[in-house]
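There are 2 protein chains.
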Amino acid sequence: MTAHASLERALGYTFQSAALLEQALTHRSHSGRHNERLEFLGDAVLNFVVAALLFKRFARLDEGDLSRLRANLVKQAALADIASRLTLSNYLRLGEGELKSGGFRRPSILADALEAIFGAIYLDGGFAAAEDVISRLYEPVLRNVDPQTLGKDPKTLLQELLQGRKLGLPVYNVIATHGAAHNQTFEVECFIAELDIRVGAGGASRRAAEQSAAIQAIAAVESKAPQKGGRKSKARKSAQLSLPVAVAQESK
Amino acid sequence: MTAHASLERALGYTFQSAALLEQALTHRSHSGRHNERLEFLGDAVLNFVVAALLFKRFARLDEGDLSRLRANLVKQAALADIASRLTLSNYLRLGEGELKSGGFRRPSILADALEAIFGAIYLDGGFAAAEDVISRLYEPVLRNVDPQTLGKDPKTLLQELLQGRKLGLPVYNVIATHGAAHNQTFEVECFIAELDIRVGAGGASRRAAEQSAAIQAIAAVESKAPQKGGRKSKARKSAQLSLPVAVAQESK
Chain A
1 MTAHASLERA
11 LGYTFQSAAL
21 LEQALTHRSH
31 SGRHNERLEF
41 LGDAVLNFVV
51 AALLFKRFAR
61 LDEGDLSRLR
71 ANLVKQAALA
81 DIASRLTLSN
91 YLRLGEGELK
101 SGGFRRPSIL
111 ADALEAIFGA
121 IYLDGGFAAA
131 EDVISRLYEP
141 VLRNVDPQTL
151 GKDPKTLLQE
161 LLQGRKLGLP
171 VYNVIATHGA
181 AHNQTFEVEC
191 FIAELDIRVG
201 AGGASRRAAE
211 QSAAIQAIAA
221 VESKAPQKGG
231 RKSKARKSAQ
241 LSLPVAVAQE
251 SK
Chain B
1 MTAHASLERA
11 LGYTFQSAAL
21 LEQALTHRSH
31 SGRHNERLEF
41 LGDAVLNFVV
51 AALLFKRFAR
61 LDEGDLSRLR
71 ANLVKQAALA
81 DIASRLTLSN
91 YLRLGEGELK
101 SGGFRRPSIL
111 ADALEAIFGA
121 IYLDGGFAAA
131 EDVISRLYEP
141 VLRNVDPQTL
151 GKDPKTLLQE
161 LLQGRKLGLP
171 VYNVIATHGA
181 AHNQTFEVEC
191 FIAELDIRVG
201 AGGASRRAAE
211 QSAAIQAIAA
221 VESKAPQKGG
231 RKSKARKSAQ
241 LSLPVAVAQE
251 SK
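Here the protein sequences come in this chain order: A and B. Counting along the first sequence from 1, when you hit position 55 you're at 55 in the UniProt record's numbering, and nothing is skipped either side. Counting along the second sequence from 1, when you hit position 195 you're at 195 in the UniProt record's numbering, and nothing is skipped either side.
Bound conformation, chain A alone (with noise of 0.2 Å):
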């Protein structure tokens, strides 16, 4: 398995069955013994591992919050993510379509694939063997999580902002859209009438004009309004912070 040593180094598990990690990297199109059983497995390890890693990390969160932090920790993109910080892609089989079209970058197989390593890992090396792998990849992710933002879209975290400062709720509005019915585009504007803050974003839909209006009426409030003090601020850097992990997920 000389092939897989630098796989097995990053993963910091060696298989005791060769043939079980190399079917885990074996996607449907490549051959008939490939790695979906393995996906449902690992997906399963995968989430119960991370629920208990957050459960004893987070020990005043309630259900809703750790249920929403683990839906953004093993969501595709994450999952894609940690494949890149493996290498994954250098190791994967694919048929002859899914490689010329560059399916060695799909995030879906990158994700897929990793969860099959994790149900292979299970399977060769016991519950501990996974738990400790898991564990290990998802120790510098969660040392970022902010677990009031993560996974919260613009519009709540805008509304959320607004709440902390004791202030309305913004009123959206459809300005003007564009195209025919099946391939329209909207205009949405974002109202926060006490701080006379009027932005506007376009987009797809209406919900995703919506949340791109949030995002410039977060900065707006940011610099129009910038709150100081221990508390509020920590909720200031939250809401920056997490922008990018929800308009990730709006695009989706």
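Hints are computed from structural coordinates only; laboratory data are not their basis. Computed from a predicted structure; not experimentally measured. Wrong hints could be hidden among the right ones.
Intra- or inter-copy, both count: the list cannot distinguish identical chains.
[To be verified] List time: in silico EDC-like cross-link candidates among lysine to aspartate or glutamate, alpha-carbon distance up to 20 Å:
no.	residue 1	residue 2
1	Lys100	Asp146
2	Lys75	Glu63
3	Lys224	Asp62
4	Lys56	Glu36
5	Lys100	Glu194
Using the hints, position chain B against chain A.
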């Protein structure tokens, strides 16, 4: 912990921390130290353990079938069944209001408490303890699983029954609707041309009426064109056996 000794016997697990079991049995209507975070954790360990049991037991099922089976084994009704076997309602701690309205019989409350118990066992005794208890409780359930039919709805089962006999697809028609817009009932007929079968059923939605009609149609196909021979008669038996499950789902 004598108060819970009989529950612990039924579970086959004795808690080191009586407080953890107590918390798992506490509904949020009762007090602040309730079971919702434990339920989050228990749901995750349950999903994983059942996934692993199915993976190992059904080596030839693909991940789609495995997912369907698991969804059915961990759904509220299945968990409430297990909770009843454990007479869990005798041990629940509910608030006044829930007590008076019979909350101790509510499937959702029973299912949530059972998941919370799984989470508590994991915290109290580690993964192996939780795996052991869940495996034992699911053993009789798994023994009776028909992987071909569990969790499939009547329309799907009828279609597969007809395909197995090389017959064409059934046709569903709405014959009549009754009542006002937000309180309509639908009468639907299911027509199988090659067998000259025409059966009708009603329901609160078009889909519900179609599923009821499909149940009638399966019975009609069975009696009009009983199938002989090994493989096919097994398929017939499966379809019959699965109906209670399918109907129970529909009424959810």
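Verification of the supplied hints:
In this homomeric assembly, lysine 100 and aspartate 146 never come within 20 Å of each other (Cα to Cα): the closest approach is 39 Å inside a single copy and 41 Å across copies. With identical chains, the CA atoms of lysine 75 and glutamate 63 are at most 20 Å apart both within one copy (18 Å) and between copies (18 Å). When the C-alpha separation of lysine 224 and aspartate 62 is checked against a cutoff of 20 Å, the pair qualifies neither within a copy, at 33 Å, nor between copies, at 56 Å. Proximity of lysine 56 and glutamate 36 under a CA criterion of 20 Å is satisfied inter-copy only: 14 Å between copies versus 30 Å inside one chain copy.
Taking CA atoms no more than 20 Å apart as the test, lysine 100 paired with glutamate 194 passes in neither setting, with 55 Å inside one copy and 47 Å between copies.
Checked against the numbered hints given earlier, this structure breaks hints 1, 3 and 5; the rest are met.
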